[in-house]
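A.B. asks: Required output: the full structure, derived from the provided sequences and hints.
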Amino acid sequence: MPQTIASPGFEIRRDGERAVIALAGEWTLDHGRRLERLAEQLPVSLGEVRRAVLDIGGIQRLDTLGARVIDQLSHELGSEGVSVEISHARREHATLLEAVRTRTAVVARPPRSRLIEILADIGRTVVFAGQDLVRGISFIGEVVIAIGRALIRPQRFRWAALINQLEQIAFRGAPIIILITFLVGCIVAQQGIFQLRRFGATAFVVDLVGIITLRELALLLCAIMVAGRSGSAFTAEIGSMKMREEIDALRVMGLNPVDVLVVPRILALIIAMPILTFLASMAGLFGAGLTAWFYGGIAPETFVARLQSVINYRHFSVGLIKAPFMAIVIGAIACIEGMNVKGSAESLGQQVTASVVKAIFMVIVVDGLFAMFFASIRF
Amino acid sequence: MPDATQPLAVPDTAALPKPIIQVRDLVVGFGDKIILDGLSLDVMAGEILGFVGGSGTGKSVLTRTILGLIEKRAGHISVFGQDLDEMPDAERRKLEKRWGVMFQHGALFSSLTVAQNIQVPMREYLDLSPAMMNDLAALKIQMVGLKSDAGEKHPSELSGGMIKRAALARALALDPEIVFLDEPTSGLDPIGAAEFDVLIRTLQQTLGLTVFMVTHDLDSLASACDRIAALADRKVVAVGSLSEMVASPHPWVKSYFRGERALARLKG
Numbered sequence: 001m002p003q004t005i006a007s008p009g010f011e012i013r014r015d016g017e018r019a020v021i022a023l024a025g026e027w028t029l030d031h032g033r034r035l036e037r038l039a040e041q042l043p044v045s046l047g048e049v050r051r052a053v054l055d056i057g058g059i060q061r062l063d064t065l066g067a068r069v070i071d072q073l074s075h076e077l078g079s080e081g082v083s084v085e086i087s088h089a090r091r092e093h094a095t096l097l098e099a100v101r102t103r104t105a106v107v108a109r110p111p112r113s114r115l116i117e118i119l120a121d122i123g124r125t126v127v128f129a130g131q132d133l134v135r136g137i138s139f140i141g142e143v144v145i146a147i148g149r150a151l152i153r154p155q156r157f158r159w160a161a162l163i164n165q166l167e168q169i170a171f172r173g174a175p176i177i178i179l180i181t182f183l184v185g186c187i188v189a190q191q192g193i194f195q196l197r198r199f200g201a202t203a204f205v206v207d208l209v210g211i212i213t214l215r216e217l218a219l220l221l222c223a224i225m226v227a228g229r230s231g232s233a234f235t236a237e238i239g240s241m242k243m244r245e246e247i248d249a250l251r252v253m254g255l256n257p258v259d260v261l262v263v264p265r266i267l268a269l270i271i272a273m274p275i276l277t278f279l280a281s282m283a284g285l286f287g288a289g290l291t292a293w294f295y296g297g298i299a300p301e302t303f304v305a306r307l308q309s310v311i312n313y314r315h316f317s318v319g320l321i322k323a324p325f326m327a328i329v330i331g332a333i334a335c336i337e338g339m340n341v342k343g344s345a346e347s348l349g350q351q352v353t354a355s356v357v358k359a360i361f362m363v364i365v366v367d368g369l370f371a372m373f374f375a376s377i378r379f
Numbered sequence: 001m002p003d004a005t006q007p008l009a010v011p012d013t014a015a016l017p018k019p020i021i022q023v024r025d026l027v028v029g030f031g032d033k034i035i036l037d038g039l040s041l042d043v044m045a046g047e048i049l050g051f052v053g054g055s056g057t058g059k060s061v062l063t064r065t066i067l068g069l070i071e072k073r074a075g076h077i078s079v080f081g082q083d084l085d086e087m088p089d090a091e092r093r094k095l096e097k098r099w100g101v102m103f104q105h106g107a108l109f110s111s112l113t114v115a116q117n118i119q120v121p122m123r124e125y126l127d128l129s130p131a132m133m134n135d136l137a138a139l140k141i142q143m144v145g146l147k148s149d150a151g152e153k154h155p156s157e158l159s160g161g162m163i164k165r166a167a168l169a170r171a172l173a174l175d176p177e178i179v180f181l182d183e184p185t186s187g188l189d190p191i192g193a194a195e196f197d198v199l200i201r202t203l204q205q206t207l208g209l210t211v212f213m214v215t216h217d218l219d220s221l222a223s224a225c226d227r228i229a230a231l232a233d234r235k236v237v238a239v240g241s242l243s244e245m246v247a248s249p250h251p252w253v254k255s256y257f258r259g260e261r262a263l264a265r266l267k268g
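Read top to bottom, the protein sequences are chains L and B. For the first sequence, my numbering gives the first residue as 1, with consecutive numbering after it. For the second sequence, my numbering gives the first residue as 1, with consecutive numbering after it.
Simulated from the structure, these hints should not be mistaken for lab results. Be aware that one or more of the hints could be misleading.
In silico SDA-like pairs for lysine to any residue, Cα to Cα no more than 25 angstroms straight-line [to be verified]:
#1 B:K153 / L:F128
#2 L:K342 / L:D132
#3 L:K342 / L:M241
#4 B:K153 / L:R112
#5 B:K97 / L:T95
#6 B:K18 / B:L242
#7 B:K153 / L:T95
Computed beta-carbon distance windows for the label pairs [what the hints assert, rightly or not]:
#8 B:G31 / L:L183: 36 to 46 angstroms
#9 L:L183 / B:A107: 40 to 50 angstroms
#10 B:G31 / L:V252: 33 to 43 angstroms
#11 B:K147 / L:S87: 26 to 36 angstroms
#12 B:K18 / L:R33: 25 to 35 angstroms
#13 L:I12 / B:Q205: 28 to 38 angstroms
#14 B:R261 / L:S7: 48 to 58 angstroms
#15 L:V126 / B:K147: 31 to 41 angstroms
#16 B:Q205 / L:H88: 14 to 24 angstroms
#17 B:G31 / L:I116: 58 to 68 angstroms
#18 L:E76 / B:R92: 54 to 64 angstroms
#19 B:R92 / L:A6: 18 to 28 angstroms
#20 L:E92 / B:R92: 24 to 34 angstroms
#21 L:S7 / B:G31: 42 to 52 angstroms
Idealized CB from N, CA, C, for every residue including glycine.
C.D. replies: Have a look at this one:
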């Protein structure tokens, strides 16, 4: 079946003002560039003629590319005032040429200038940021209403979904969060001891680690991990449901997607975040205690006694008070981004990235606001 | 090129030139379940073969096995006279240029526009200038009956019928010799489906294609297909023209082609 492959070519025979151009070989996609080059050469080597006959009888194989090139050639010659005719076309080649001829190529839109593109991009981003804010607030409102509905009719609430989410977020998330805060507790204690030792104030490392872990570190690490683990999962789950019209299916069945998908997830986060923050705090303090013992030479009894005297209930509760708010921030952003997924796989990826990045950013912003708030009420 | 892999006589007597796809004694299964058992089928060069069968009987499995997406347990498949098992990878890649596949749900790449989708195989396999590639993509888009502005759209912006057409355009990107169509008219309204049948016919004649078409659609079978093969009891139980199918004694084929819906349609 594979015959000898003949590369495409042409031969010109002149006869006064008339030229016969005999095309031969395979005019197919396999000879792409060669065909394009032939099409450029041909009018040049043809020179001045009044009539040209394209004899395509010698073409062994012809596909859409070949036909297109021949069609463009005859157009080009025609626009230079040469009358072109095609001869000796085999029946199947003639149909193909006919099919290609009736269709003219679309003209590509001229590209816009770089500057305008950049300006348009900036404008679009600003508008989107504004829309994000409005949508976020209205979404939280919707969630509050949905939670209210669930409180009024608890029998309609999706307990199974809530428990399932709690398992995913809290139970499966706990080990890695505990490990990370344990390690960070160790590192902060080591650094504290190393720096404070120069002032002979090693004992103050307990104050340092205790306050920073309980007030900030445990919560922030927790929130960042949860945004990365669970926020991304929410966005991907809701987003792929959106892509496959499953959200629309819920709607037409009279089910509110916020009730079904969002509320169980956000409630699970609100319950899980304080638990995880507590576990993280304990792990951090444990790590700090171990480091203080082995690296700083502070005995565990001393560490615990000092911890008891410097840490009061306020420091402990600051972290836990912030936890549910972080849960709402992470959950709301993840669910909104999930709902924003468009039809393509690329858009799913973009929204998951946006979900994690925005959630972590907002967690830090909200944490900063809380710090100012607690400082001003001297809590 | 006669060789040891094709000792069997062709089961049907249609006087078509040569088989372009030959399937012999194919066995395919998943786990304990045997889907296809001893299936043999010939697809002749230049024909449109309609492949029918009940839901879940393995029509798509056969297509996917021929395409190499599913492993077979036994049997031989040869395409263009070459056995797929004995083919080195380089040959196999060359072969894949010579067939195009239109999946049931289009399987267009969702993050690319229609024109970019069509250019994916072109970029991979061909040496062409970008301008010529755009031109060819636009040509294919128009050949399958889409408006020229469809090229800039993403698959999520297309209707079901447009997705089918775009998928067909992508299948035709490399001017293949064989085109596999998996339920090309499913999900289309009768007018759209009829247009699609005509389109497949026209393209087949213009481009000299061989078409292997899995379908449920009696209208497609009647209007577009040269021959029909029916799958039941894990093998091909009948092959032939529509009138031969109607005359077939096999119970499933009988109920399919002589059921009320079928008779009403075939009469009209």
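A.B. asks: Now, for every hint given, state plainly whether the structure supports it.
C.D. replies: Hints, one by one, checked against the model:
no.	hint	verdict
1	B:K153 / L:F128	22 angstroms, holds
2	L:K342 / L:D132	16 angstroms, holds
3	L:K342 / L:M241	11 angstroms, holds
4	B:K153 / L:R112	18 angstroms, holds
5	B:K97 / L:T95	23 angstroms, holds
6	B:K18 / B:L242	21 angstroms, holds
7	B:K153 / L:T95	30 angstroms, violated
8	B:G31 / L:L183: 36 to 46 angstroms	45 angstroms, holds
9	L:L183 / B:A107: 40 to 50 angstroms	45 angstroms, holds
10	B:G31 / L:V252: 33 to 43 angstroms	37 angstroms, holds
11	B:K147 / L:S87: 26 to 36 angstroms	34 angstroms, holds
12	B:K18 / L:R33: 25 to 35 angstroms	33 angstroms, holds
13	L:I12 / B:Q205: 28 to 38 angstroms	33 angstroms, holds
14	B:R261 / L:S7: 48 to 58 angstroms	53 angstroms, holds
15	L:V126 / B:K147: 31 to 41 angstroms	34 angstroms, holds
16	B:Q205 / L:H88: 14 to 24 angstroms	20 angstroms, holds
17	B:G31 / L:I116: 58 to 68 angstroms	59 angstroms, holds
18	L:E76 / B:R92: 54 to 64 angstroms	39 angstroms, violated
19	B:R92 / L:A6: 18 to 28 angstroms	25 angstroms, holds
20	L:E92 / B:R92: 24 to 34 angstroms	28 angstroms, holds
21	L:S7 / B:G31: 42 to 52 angstroms	51 angstroms, holds
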